[in-house]
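Asker: The residues making up each chain are set out below.
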Amino acid sequence: MNAQSITRNPYIKTVIGTLLLLVYLFPVYWMIATSLKSRTDIFATPPTLFPIPPDFGSYAREVVNNPELVEVIINSVIISFGTMLLTLVLAVPGAYALARLKLRGAGVILLVMLISQLLPSIVIAGPLFIIFSRVGLLNTHLGLIVADTTFTLPFSVIILRPFFLAVPHELEAAAKVDGCTQLGVLWRIVLPYVRPGLITVGAFAFLIAWGEFVFALTLNTNHNQPVTVALNKFIGQYGTQWNDMMAVSTVVALPIIAVFASLQRFIVSGLTSGAVKE
Amino acid sequence: MAFENSRPAAYRSVPLTWSARLSKNSHYLFVVPMLIFMLLTTGYPIFANFQMSLYDLNVATFRSGDAPFVGLNNYLELLRDPAFVYSVQLSLAFTSVSIALQFTLGFALALFFNRPFPGNGLMRSLLLLAWLLPSVVGGTIFRWMLDGDYGVFNYFLRGIGLMQDTRYWLLDPNTALAGTIMANAWVGIPFNMILLLAGLQSISPTYYEAANIDGASMFQRFAYITLPMMRPVALGVLLLSFIYTFKVFDLIYVMTAGGPVNVTTVLPIFTYRLTFSFFRFGDGAAAAVLLLLGLLLLAIGYARLIRFEEAA
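Protein sequences appear in the order of chains B and P.
Every letter in the first sequence is one number past the one before it in the working numbering, and letter 107, counting from 1, is 107.
Every letter in the second sequence is one number past the one before it in the working numbering, and letter 26, counting from 1, is 1026.
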């Protein structure tokens, strides 16, 4: 069989692709499989590939009957939705103005935004720690929402701007003729039009805030910690109880998987539009 | 755009009334909240880093508030500190090997997914899942898989006959960095793939059709059409990957916390330790500034590259 016939039969590629996918996603499978094993099963040699019958002991111990984990999950939910909200409130008018209203310095603002989203969090974390300690934002939900938004905001402006650029001018002009104010035009005419962009940006802000670690580690050292920092602490506490740790990891990963499964086409398009061309 | 330009010139020369002027400037109200936010939470911290880096700021002087001005002394000390130099070398090694792996594998996958076949779209997005998982989760999974006693990776290597003994990947100074690179490359592959795939799909099929008529082989089409056409996109992806990989903190922190004996203390972790473990705020700020300047240069390069593409 030569190279030509391989590329001609599309199902051969489907088979190869499935195999690649299985190999690539094995770590995710291994997380879930380990979380469903008993304490003796995780130390079996050779390791058992399928956890049959599944043992839900880890979930019972470390998730359902663990008020500490429930608490950090609530923290993460508050922080992630808060970040999503703050990001949208600031990014939507900003990106709209950069795309549609004639502003002096729009090019510079855009450049600053593009560069801001590439900055390492650890550089900003030190000074933020000092600022937050003065204004009482350390160890608070709001503090982490603000810190996470330093990254999600520039990112969102860059992703949203092209969506606003694509809104037909005639639509806005007609609304203005009918007596709409600029804000009214944005709210009633433009926003419904760019809904896919809003979903993309909202989903990204949520995903990024949910997985954020650097700010959480440095700014919320005592209270209101999110799941990421809690998971890192578990590693130290649980040593070799890998099934418990994988159960907690799975729970931390679950919202990401859920958001991804329901909004994947928005996420994939946002990623490509945001990074290659802005 | 068309609407604004279609106004007659005479209309524009009429002096604006007070309310018209207000509404014209009110456009700025749309960007002001965003700009104030960025100024306070990103602009000021960057400035504060520069400022703090010039003072001998530690726990004692931070409390008393009379840290002496030391000029560029913190920088000179850092550059003479072997631990700092070592962390920069580690960062460069971690970054270059990681991106070499994820770029090559990502490119190979992009070529594979470039032509349509049943299930293509679904598989492509499923690959992205790994990139979206929190680094802390990815790091924890790899910690478990690379475990010496019961890790599945050792078992796999023994199974295919590559290794007989037991290797404690993340506890052994010789292999800890390799372990973190493996995990990081795993995370980065789909990111590279998706961006490179977007580049591949923007190449006009007419080039390949013309090459087919001329009887070009698969290798010739790749070498003389795909590679040259992909150069700008590939450069952009490499730059972006470099920036993203150089600043990786969470994945390494979760896997090794910089150990064993500092062999995975890359520059971001080194900076973190100065400020948050040793409370040497002045030195930490100086290290942060150096990290920032390095990445800023690359970020500006990336921004220029993107503009260039837009203009083209």
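Note that these hints are calculated values from the structure, not bench results.
There could be a bad hint or two in this list.
What the hints assert, rightly or not - Some chain P residues near chain B, calculated using beta-carbon distances under 8 angstroms:
| hint | residue |
| --- | --- |
| 1 | Met1034 |
| 2 | Phe1142 |
| 3 | Asp1250 |
| 4 | Leu1293 |
| 5 | Leu1297 |
| 6 | Ala1299 |
| 7 | Gly1301 |
As the list claims (entries may be wrong) - Here are the computed distance ranges between Cβ atoms for each label pair:
| hint | chain 1 | residue 1 | chain 2 | residue 2 | range |
| --- | --- | --- | --- | --- | --- |
| 8 | B | Asn65 | P | Leu1072 | 27 to 37 angstroms |
| 9 | B | Ser38 | P | Gly1065 | 28 to 38 angstroms |
| 10 | P | Thr1061 | B | Phe81 | 53 to 63 angstroms |
| 11 | B | Val15 | P | Leu1293 | 21 to 31 angstroms |
| 12 | B | Ser38 | P | Leu1227 | 31 to 41 angstroms |
| 13 | P | Phe1047 | B | Ser262 | 48 to 58 angstroms |
| 14 | B | Phe81 | P | Pro1116 | 48 to 58 angstroms |
| 15 | P | Pro1116 | B | Pro196 | 28 to 38 angstroms |
| 16 | P | Tyr1207 | B | Ser262 | 47 to 57 angstroms |
| 17 | B | Ala60 | P | Ile1036 | 41 to 51 angstroms |
| 18 | B | Cys180 | P | Ile1213 | 51 to 61 angstroms |
| 19 | B | Val15 | P | Arg1231 | 56 to 66 angstroms |
| 20 | P | Leu1040 | B | Ser38 | 19 to 29 angstroms |
| 21 | P | Leu1072 | B | Ala44 | 54 to 64 angstroms |
Every value quoted in this text rests on a predicted model; they were computed, and no experiment measured them.
Ideal Cβ placement from N, Cα and C applies to all residues, glycine included.
Asker: Indicate, hint by hint, whether the structure satisfies it.
Answerer: The hints, checked one at a time:
Satisfaction of the interface hint for P/Met1034 is found here, the shortest Cβ-Cβ separation to chain B being roughly 4 angstroms, below the 8 angstroms cut-off. Restraint check, P/Phe1142 versus chain B: the minimum CB separation of about 7 angstroms is within 8 angstroms; hint holds. Annotation: interface hint on P/Asp1250 holds; nearest CB of chain B at approximately 4 angstroms, less than 8 angstroms. Evaluation of the P/Leu1293 hint against chain B yields a violated restraint, the C-beta minimum of about 10 angstroms exceeding 8 angstroms.
The criterion of a C-beta within 8 angstroms of any C-beta in chain B is not met by P/Leu1297, whose closest approach is roughly 11 angstroms, and the hint is violated. For P/Ala1299, the interface hint holds, since its Cβ comes within 8 angstroms of a Cβ in chain B; the closest pair sits about 4 angstroms apart. Among the interface hints, the one on P/Gly1301 is violated; its C-beta lies about 10 angstroms from the nearest C-beta in chain B, farther than the 8 angstroms criterion. Here the CB-CB span from B/Asn65 to P/Leu1072 is close to 56 angstroms, at odds with the stated 27 to 37 angstroms.
Taken as a hint, the range 28 to 38 angstroms is violated for the pair B/Ser38 and P/Gly1065, whose Cβ atoms sit roughly 57 angstroms apart. Against the hinted window of 53 to 63 angstroms, the Cβ-Cβ separation of P/Thr1061 and B/Phe81 comes to about 40 angstroms, which falls outside the hint. Remark: the range hint 21 to 31 angstroms for B/Val15 to P/Leu1293 is contradicted by a beta-carbon distance near 49 angstroms. Remark: the range hint 31 to 41 angstroms for B/Ser38 to P/Leu1227 is contradicted by a beta-carbon distance near 52 angstroms.
Distance hint check: the CB atoms of P/Phe1047 and B/Ser262 are about 41 angstroms apart, inconsistent with the given range 48 to 58 angstroms. A C-beta distance of roughly 38 angstroms is found between B/Phe81 and P/Pro1116, which places it outside the suggested range of 48 to 58 angstroms. Distance hint check for P/Pro1116 and B/Pro196: the Cβ-Cβ separation is about 23 angstroms, which falls outside the suggested range of 28 to 38 angstroms. Distance hint check: the CB atoms of P/Tyr1207 and B/Ser262 are about 38 angstroms apart, inconsistent with the given range 47 to 57 angstroms.
Restraint check, B/Ala60 to P/Ile1036: a C-beta distance of roughly 48 angstroms satisfies the suggested window 41 to 51 angstroms. Between B/Cys180 and P/Ile1213, the C-beta spacing of about 55 angstroms keeps the proposed range 51 to 61 angstroms intact. B/Val15 and P/Arg1231 have their C-beta atoms about 33 angstroms apart, which leaves the hinted 56 to 66 angstroms range violated. The supplied range of 19 to 29 angstroms is broken by P/Leu1040 and B/Ser38, whose beta-carbon atoms lie about 51 angstroms from each other.
The hint said 54 to 64 angstroms for the Cβ distance between P/Leu1072 and B/Ala44, and at roughly 59 angstroms that hint holds.
The structure fails hints 4, 5, 7, 8, 9, 10, 11, 12, 13, 14, 15, 16, 19, 20 (numbered hints given earlier, in ascending order).
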